[in-house]
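Please model the entire structure based on the sequences and the hints provided.
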Amino acid sequence: MTANNAARRVRADARLSIERILTAAQQVFSVDPSASLTEVANQAGVTRATVHRHFPSRQTLLDALVRDLNTRYLDAFEQARVESTPPLIALYRLTEAAFELKTSHPFTITLTPTTRSPGSPASDPRIQEKLDTLFARLHASGDITADDPTWCRKVYLALFAEVYDLPADAPTLRTAVTADASTLDARVGLTLTTLLGALGGSPPGR
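If you number the sequence shown the way the numbering used here does, the last residue is 206 and the count never jumps.
I should point out that these hints are in silico values taken from the structure, not numbers from a laboratory.
Note that beta-carbon positions come from the ideal geometry of N, C-alpha and C, so glycine has one too.
Computed beta-carbon distance windows for the label pairs:
#	residue 1	residue 2	range
1	D132	A49	42 to 48 Å
2	D147	Q27	40 to 46 Å
3	R81	P56	35 to 41 Å
4	T145	R174	26 to 32 Å
5	D165	A136	27 to 33 Å
6	P86	L166	26 to 32 Å
7	L166	L16	36 to 42 Å
8	T103	A158	15 to 21 Å
9	D32	R126	28 to 34 Å
10	D169	D147	36 to 42 Å
11	T60	S123	14 to 20 Å
12	A136	L159	16 to 22 Å
13	S84	Q59	37 to 43 Å
14	S141	A49	52 to 58 Å
Set out below in structure tokens:
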């Protein structure tokens with residue numbers, strides 16, 4: 001094995017360890033936010049020293065969890081093609097992906113901005129900018145009448161959080177979709193129907 005191949009193998013192993021640690025941390029902290037790094041290491045199947053090598057402190061691990069989730073959100077924007085796809089379709093795809101991420105990363109979502117932590121994805125300026133771009137496109141296409149993207153973003157994020165907190169059997173979830181729709185579809189449908197009504201638009205065609 002050449003030196004270059006060996007170096008690539010080391011980097012690949014390190015990335016795999018980091019992914020395992022981040023996944024384990026999400027699982028462990030979702031059950032017990034005060035869990036130790038040793039518990040995270042046990043869940044990840046690595047040593048405590050391995051966790052400490054990548055994340056010297058609990059705070060660096062928390063920061064990494066937020067960065068990882070932010071990256072996933074940014075990837076969702078790319079997948080939704082919010083700058084080129086018809087904006088209503090992009091909004092639907094993005095909202096669907098956001099609910100999936102929020103469900104799969106319950107602990108990270110609870111992290112709030114502090115002087116030592118980058119905070120939740122909603123506080124990331126890159127995500128805010130992309131949402132503002134999407135709402136500007138929705139206004140330009142005539143899908144909404146509200147013309148302030150920042151206000152639209154704030155309404156969207158607040159509504160998104162409220163819909164996410166609804167229990168799965170909430171009657172309200174069934175107002176915008178068919179009775180046999182999945183819980184995910186129901187949440188997306190309720191979010192978009194309510195949002196577009198509030199912003200002076202019409203629900204997207206299904």
